[in-house]
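Undergrad: In case you want the letters, here they are:
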Amino acid sequence: MEEEANSSIFARETSRLWRAWRTVHEMVQDRGYELAEDEVKISLARFRDEYTNGDGSPNRGKMQFSARPSEAMIKKFTPPPTASNPNPTTEAGTIWVEFCPEQSSIGINVMKKFVGHCSANNFKAGILVTAMPLSSQARKVITVTQQYTQIECFLEEDLLVNITHHDLVPKHIVLSREEKTALLKRYRLKETQLPRILQKDPIARYLGLKRGQVVKIIRTSETAGRYASYRLCV
Amino acid sequence: MSGPTGPAPAPTGSQTPKGILKKPKSTPGITAPPPSESTPLPLEQQIAIQQAKLLLQQRGEEIKPPVSLDVFERLSQFPVARSDSFSAANPSPEDVHEFIEAIQEFMPREYQDLIEERNCLGNCGYALCPRPRRKYNGEFRILSSGIAKVADLNMWCSDDCARRALFIKVQLDNPSYIKKDGQLVVKIELDDEKKHPSRRQPPKIGDAEVDESELAKSMERLEVDKKTQTTRDKTALAVERGDARRPAQQVEVTIREKSTTAPAQAPDLDQAAQDVDAHLMLEGHKTTFGTDKDDDGSGSDDDDYLPSAIRL
Chain A
1 MEEEANSSIF ARETSRLWRA WRTVHEMVQD RGYELAEDEV KISLARFRDE YTNGDGSPNR
61 GKMQFSARPS EAMIKKFTPP PTASNPNPTT EAGTIWVEFC PEQSSIGINV MKKFVGHCSA
121 NNFKAGILVT AMPLSSQARK VITVTQQYTQ IECFLEEDLL VNITHHDLVP KHIVLSREEK
181 TALLKRYRLK ETQLPRILQK DPIARYLGLK RGQVVKIIRT SETAGRYASY RLCV
Chain B
1 MSGPTGPAPA PTGSQTPKGI LKKPKSTPGI TAPPPSESTP LPLEQQIAIQ QAKLLLQQRG
61 EEIKPPVSLD VFERLSQFPV ARSDSFSAAN PSPEDVHEFI EAIQEFMPRE YQDLIEERNC
121 LGNCGYALCP RPRRKYNGEF RILSSGIAKV ADLNMWCSDD CARRALFIKV QLDNPSYIKK
181 DGQLVVKIEL DDEKKHPSRR QPPKIGDAEV DESELAKSME RLEVDKKTQT TRDKTALAVE
241 RGDARRPAQQ VEVTIREKST TAPAQAPDLD QAAQDVDAHL MLEGHKTTFG TDKDDDGSGS
301 DDDDYLPSAI RL
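Going line by line, the protein sequences match chains A and B. Position 187, counted from 1, in the first sequence is what the UniProt record's numbering calls 187; the numbers after and before it change by one each time, with no gaps. Position 191, counted from 1, in the second sequence is what the UniProt record's numbering calls 191; the numbers after and before it change by one each time, with no gaps.
There could be a bad hint or two in this list.
To be verified - No farther apart than 20 angstroms at their CA atoms in a straight line, the calculated lysine to aspartate or glutamate pairs in the DMTMM-like style are these: (1) A:K112 - B:E73; (2) A:K140 - B:E110; (3) B:K135 - A:E26; (4) A:K112 - B:E110; (5) A:K124 - A:D30; (6) A:K112 - B:E116; (7) A:K124 - A:E157; (8) B:K135 - B:E110; (9) A:K62 - A:E4; (10) B:K169 - B:E101; (11) A:K112 - B:D70; (12) A:K41 - A:E4; (13) A:K140 - B:D275.
Think of the hints as simulated: they come from the structure by calculation, not from any bench.
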């Protein structure tokens, strides 16, 4: 009887994790990293085979992957060459994604271990998916190490659904630096004159926007067909 | 508009036109050194000195910098000395010293963070307690004192530790300062547990005698309380009535009766009928208008309508 109850709990948790796993893959792919299609569109049966223990409980320790940026992404995140820096290096680098096996809230030590792993393996960005919220000091670790490694944290429950697939969410495209300067020149704007989007906005978090980046939002319009607006991340 | 030119007699070449602008005032801060100084410093150096002074002043006024993560990490793994001889009630002196040194720099919010951080590691929220925290399930829990949130209970290993941690928290919330090496630091001390041992240890069920004497004492206290309570109530009531302001002043009341000359007589109808104004009389009283004063001139107006019979 107890085993049965356990297995149903495990099945539920596994399917939740499977959804989060798919969403985080789609997110990484949407940001421009290279991922194979069969990695992203993993079926529940295959996920269960690969990431559960013998008794059916999910094995979060196994759920981790890295991804390399695609050609297009490398090009997009390379700053334009200047006189002083004729051969700029790209800001895009490999990303590390990990599900945290910790079941209580995340403290400094867990966060430090994750940051240490990312910097030791030269990952430019890291995504930690946790079951429980972070402590306020763990959040501080992220801001302290931000200049070395870009760390982002997501809750499992926030990743159950891919918000960009929702009917009412328009298409968001991150602009490169050249595109941004071209936009500001075209409309003779200053940066601050653009509408804004918060960094903690769900879509901004999904796309991993940094302060100063501009996102192009394309909505369908009854009168104009398509309507583009731009927002500056603050 | 160059002033003195035009139809006026042309000035001579030596006379320069007077400017209409105010003379620029030399700022006192960046002026050249006074001539009295023997070796005047260059201007850049002076500005640098001034900026350094400004920075120093700003640092004095600055709000406290946040506590570093290392301190949090260290305190979240406290206490260092873990052996059977030490406990939360009796921590090792080195640990106490280090804990107090560190906690003096804390803001109340950061102390809350420390508790959270210790709980993440599964430790009791009180930094000098070596035991793990409680792990109750559910959302609420019924205690002898009422209903408590499990999240609050799970922060500590026991209620005693919660009280000890609260003792620290209160001192951080309402800090009192002591001078140390010329600087003011928040005064933090641990609760002296030897002072009130009875409060700490709940009475044991086996000690019936102790219990009875305790009970008698508390009953006595209750009796005394009752008496004081009644007096307190009385004074409160007096204040409310306004008596409390002049408690010594009491109004003297004396009752004097009027002297009676004849037995009381009922009003006589026949006698009244003889009167010309009988039809104006109402129960022996004739209404008058204010203008004509009493004609017989005896007594005041008020007494007029009162027949002598009903006077006391």
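Undergrad: Against each hint, give a clear statement of whether it holds in the structure.
TA: Tested hints:
no.	hint	result
1	A:K112 - B:E73	holds, 10 angstroms
2	A:K140 - B:E110	holds, 12 angstroms
3	B:K135 - A:E26	violated, 37 angstroms
4	A:K112 - B:E110	holds, 19 angstroms
5	A:K124 - A:D30	holds, 17 angstroms
6	A:K112 - B:E116	holds, 16 angstroms
7	A:K124 - A:E157	violated, 25 angstroms
8	B:K135 - B:E110	violated, 23 angstroms
9	A:K62 - A:E4	violated, 24 angstroms
10	B:K169 - B:E101	holds, 15 angstroms
11	A:K112 - B:D70	holds, 11 angstroms
12	A:K41 - A:E4	violated, 29 angstroms
13	A:K140 - B:D275	violated, 109 angstroms
Checked against the numbered hints above, the structure violates hints 3, 7, 8, 9, 12, 13; every other hint is satisfied.
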